[in-house]
Amino acid sequence: MKIRFALCLIALSAAWQTHAADTGEDLARQWCANCHTVSGNSTQPMFPRLAGQQYDYLLQQLQAFRNKSRHDRAAHDYMWGMTAALDDATIEGLARYFSTQKPEPNPAPVDDALANAGKQLYQNGNPAAGTPACASCHGANAEGTAIAPRLAGQHAEYLTKQLHVFGTNQRPAAVAMQEIIKTLKESDIQAVTAYLQSVR
Amino acid sequence: MRIRNGRSVFVLLTLCLLGWLSSASALPAFARQTGEACEACHISFPELTPFGRLFKLSGYTLGTTQLFPVSAMAIVSDTRASNTGGNPAFSRNGEPTIEAGSIFAAGRISDHLGLFSQWTYNNITPSTNADGSTRYTGSFAVDNNDIRVVDHIAKQDLDLIYGVSLNNNPTVQDVWNTTPAFGYPYQTSGLAGTWGTSTQYTPLLNGALAHQVAGLSAYAFLNKHWYLELGNYQAAEGLYGILSHDVTISNRLEGTNPYWRFAWNNDWGPHSLSVGTFGMQAHVNTDPTQSGSPTNRYLDQGVDFQYQYLTDPHVITTQWSLIHERVNWDPAAGANNTSDNLDSLQGKVSYWYQRKYGLTLGMFKTSGSTDAAIYTKAATSGGVPDTRGYIVELDYMLQPWWRLGLQYTGYNKYLGTSSNYDGNGRNARDNNITYLYTWLAF
Numbered sequence: 001m002k003i004r005f006a007l008c009l010i011a012l013s014a015a016w017q018t019h020a021a022d023t024g025e026d027l028a029r030q031w032c033a034n035c036h037t038v039s040g041n042s043t044q045p046m047f048p049r050l051a052g053q054q055y056d057y058l059l060q061q062l063q064a065f066r067n068k069s070r071h072d073r074a075a076h077d078y079m080w081g082m083t084a085a086l087d088d089a090t091i092e093g094l095a096r097y098f099s100t101q102k103p104e105p106n107p108a109p110v111d112d113a114l115a116n117a118g119k120q121l122y123q124n125g126n127p128a129a130g131t132p133a134c135a136s137c138h139g140a141n142a143e144g145t146a147i148a149p150r151l152a153g154q155h156a157e158y159l160t161k162q163l164h165v166f167g168t169n170q171r172p173a174a175v176a177m178q179e180i181i182k183t184l185k186e187s188d189i190q191a192v193t194a195y196l197q198s199v200r
Numbered sequence: 201m202r203i204r205n206g207r208s209v210f211v212l213l214t215l216c217l218l219g220w221l222s223s224a225s226a227l228p229a230f231a232r233q234t235g236e237a238c239e240a241c242h243i244s245f246p247e248l249t250p251f252g253r254l255f256k257l258s259g260y261t262l263g264t265t266q267l268f269p270v271s272a273m274a275i276v277s278d279t280r281a282s283n284t285g286g287n288p289a290f291s292r293n294g295e296p297t298i299e300a301g302s303i304f305a306a307g308r309i310s311d312h313l314g315l316f317s318q319w320t321y322n323n324i325t326p327s328t329n330a331d332g333s334t335r336y337t338g339s340f341a342v343d344n345n346d347i348r349v350v351d352h353i354a355k356q357d358l359d360l361i362y363g364v365s366l367n368n369n370p371t372v373q374d375v376w377n378t379t380p381a382f383g384y385p386y387q388t389s390g391l392a393g394t395w396g397t398s399t400q401y402t403p404l405l406n407g408a409l410a411h412q413v414a415g416l417s418a419y420a421f422l423n424k425h426w427y428l429e430l431g432n433y434q435a436a437e438g439l440y441g442i443l444s445h446d447v448t449i450s451n452r453l454e455g456t457n458p459y460w461r462f463a464w465n466n467d468w469g470p471h472s473l474s475v476g477t478f479g480m481q482a483h484v485n486t487d488p489t490q491s492g493s494p495t496n497r498y499l500d501q502g503v504d505f506q507y508q509y510l511t512d513p514h515v516i517t518t519q520w521s522l523i524h525e526r527v528n529w530d531p532a533a534g535a536n537n538t539s540d541n542l543d544s545l546q547g548k549v550s551y552w553y554q555r556k557y558g559l560t561l562g563m564f565k566t567s568g569s570t571d572a573a574i575y576t577k578a579a580t581s582g583g584v585p586d587t588r589g590y591i592v593e594l595d596y597m598l599q600p601w602w603r604l605g606l607q608y609t610g611y612n613k614y615l616g617t618s619s620n621y622d623g624n625g626r627n628a629r630d631n632n633i634t635y636l637y638t639w640l641a642f
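As given, the protein sequences belong to chains A and B, one line each in that order.
Its first residue numbered 1, the first sequence is counted upward by one per residue in my numbering.
Its first residue numbered 201, the second sequence is counted upward by one per residue in my numbering.
Rather than coming from a laboratory, the hints here were simulated on the basis of the structure.
Heads up, a few of these hints could be off.
As the list claims (entries may be wrong) - BS3-like, lysine-lysine: derived pairs with alpha carbons at most 30 Å apart:
| id | chain 1 | residue 1 | chain 2 | residue 2 |
| --- | --- | --- | --- | --- |
| 1 | A | Lys-102 | B | Lys-355 |
| 2 | A | Lys-68 | B | Lys-556 |
| 3 | A | Lys-185 | A | Lys-161 |
| 4 | A | Lys-102 | A | Lys-161 |
| 5 | A | Lys-68 | A | Lys-182 |
| 6 | A | Lys-68 | A | Lys-102 |
| 7 | A | Lys-182 | A | Lys-119 |
| 8 | A | Lys-161 | A | Lys-182 |
| 9 | A | Lys-68 | A | Lys-161 |
| 10 | A | Lys-185 | A | Lys-119 |
| 11 | A | Lys-185 | B | Lys-577 |
| 12 | B | Lys-355 | B | Lys-424 |
| 13 | B | Lys-556 | A | Lys-161 |
| 14 | B | Lys-577 | B | Lys-565 |
| 15 | A | Lys-119 | A | Lys-68 |
| 16 | B | Lys-424 | A | Lys-102 |
| 17 | B | Lys-424 | A | Lys-161 |
Please take these sequences and the hints and turn them into a complete structure.
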C-alpha cells in the first residue's frame, strides 16, 4: 500500500513535467529573480543589476559560469550551479530577457565628492598612472558597448568586489581589466564605483 | 533496525566522509544537485537565506535529479554540567561522545516533486543501570521528513509558489527559522537531555509530536510576500506508519488536528524581514497506546519574527517566537485544573563574519499555570513549570559543511524556582551546561 502510494506520487509528478520552466524568461522569473529581481534591478548589493545589460556580455558571462572559466567566489557559490544545466537556447533567452529590461536608477546614496572624483577618472582616465578613460570602452554614460558591459547604476559594492577580482586570475576573459586594475589605487576604485552607482 | 555497536557507525561515517569529500567537492546532496555552495542557501546550516527559503518552498526541485541523492551528518561532542552533585545519572559528563549520525535521502525527484528524508542513529539512547548510572545504547529511527509536490507560476505581475507537504513534524516544513523544528538552538546537548536537566515543560508544538505524526498541508507563497499554509495532522500509523518508524509514540493524535501558518515576508537590499503566526489544535489521547481513549485538547498559538542583514562579510540575524498554549484536560488526565496555560518565548541574535566566525546570544523562557498533578517534576515549587535561561554560543566553520561550536546554556530559574528545585538542594544554575560540539554534513 505504501509503495503504491509512493509510486502514484512519482507518476503524477512525472506526468506534470510539461509545465516546467523551459525558456529563459521563465527561468529568469522563477529563479534568477530571487537575487536579481524580476526586472533585473537588484537591490541587494551582493548581486549585480542586470537590467539593460549588454546582450553579448550576458551571453559571455553565462557561458563562462557554465564552463567554470569564471571562478571568482560568487561565481562558484551561486552561478556555477545556476548555469550548469542550461543549454545555449536558454542562455540566449536569459541574456535577451535581462538585456531588454528597463534599468532603473540605483537609489543607494553616494558621497558627492567621491562620485565627482570618480567621474573625472571615468571620463578622462589618469594618463600619469597609465589608466585609460573607462568611457572609451564602457560608453560615455556607462551604458556599455559591444566590447564592454554596462556599468551605469551598478552597485558600488559589487563593482569594487569585481575590480579586486580582476587583480587575480579568476576572470580570465577580462584581459583588458587585468591590466587596467594594476594602475588603480584603492581610492580610485572607491571613487569610480561611487560614480558609476550614481549614473542614471 | 538496530545497530548495537556505536563504533561501527563511527567507522562507517568516517569512511563515507573520506570517500565523499574527494568526489563531491565536500557538498551534501542539495549542493550536489544544485551546484550551489552551502552559503547560497544557509547563513550557517540549518538557518536559511532568502534563496534557501525559495529552494525549500520549491520542493527542493532546483537542479538536476541525482542518481544517488544521499547525504550524511554526524555530531560529536563533550558536555559538562555545572554541578553533577556526585549523581551517577550524569554519565559521560566531560567525556567525548559520538552523539548521533544521520542519513538523508534528499533532493529533486522530478520538476514538481522533491523530498527531505532524514533517518538518525541516536548513539545515546538512555536506560538506567541498577546503581543509578545511565547506560547508553544506539538506536536507529526515522527523523524529519518532508515530501513536497509543488508548482511555481512566475508571470509579469504574479509570482506564486503553491504545493503540498507531507511531513512528520509540525513546523518542519517551515522556511523561517523561527518555528520549533528548525528554530534556535539548532543543536543542543543530547546528554543533557538524557540527564533530565534541560527544560522540562514546553508547548506541544515544541517538538513533542516530532516523528509521531503525519501531516498533509497545502501552502501558497504569493509574490514573495504572503505565505499561507493550512494542514491537518494525524497519528503516523497505517499508510503513514513509516513516518514514525521505530519511534515510541508518547503523544498520540486522535482525529482531526488542524495546523496553520501565515506570514508576511519582505526582502529588500541586504535586508530580509518576516512576521507571522502559526499554530495547531491537537487532540492527544490520554493513553498513547489506545486509539479512542479520552483526549486532552491543546490549542497552541504562536507569533514569530525574523530579521536578517546579509552582506559580505557581515551577517546579522535574529529570530523570535512566542507560543501560547492552552490545554483543556480530560478528567482521565488527573489534572488539578480543568485547563492550564503554558507560554514559551525563545529568541536569539547572531553575528557572523565571513560566514565563518559566529557569535550567538539567545534566551528562553517558559511560564505557565500552577498544576502539581501535571507538572510533577516541579513538586518543590508546588507545580510551577516556569524555566528561564540564556545561551551564549561561539561558532567556527572549519568548512561551510563543518562546524565547531562552543555553547554555554545558563539557567536562572528551573521548574519554578532558582534554588533547591528538587528538594535536595539542587539549584537552577547547577544545570548550566558547557557544550563543545562538532557537526559535519557531507
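Hints, one by one, checked against the model:
no.	hint	in the structure
1	Lys-102(A) with Lys-355(B)	17 Å, holds
2	Lys-68(A) with Lys-556(B)	25 Å, holds
3	Lys-185(A) with Lys-161(A)	14 Å, holds
4	Lys-102(A) with Lys-161(A)	24 Å, holds
5	Lys-68(A) with Lys-182(A)	24 Å, holds
6	Lys-68(A) with Lys-102(A)	29 Å, holds
7	Lys-182(A) with Lys-119(A)	19 Å, holds
8	Lys-161(A) with Lys-182(A)	15 Å, holds
9	Lys-68(A) with Lys-161(A)	19 Å, holds
10	Lys-185(A) with Lys-119(A)	15 Å, holds
11	Lys-185(A) with Lys-577(B)	67 Å, violated
12	Lys-355(B) with Lys-424(B)	13 Å, holds
13	Lys-556(B) with Lys-161(A)	19 Å, holds
14	Lys-577(B) with Lys-565(B)	17 Å, holds
15	Lys-119(A) with Lys-68(A)	34 Å, violated
16	Lys-424(B) with Lys-102(A)	21 Å, holds
17	Lys-424(B) with Lys-161(A)	28 Å, holds
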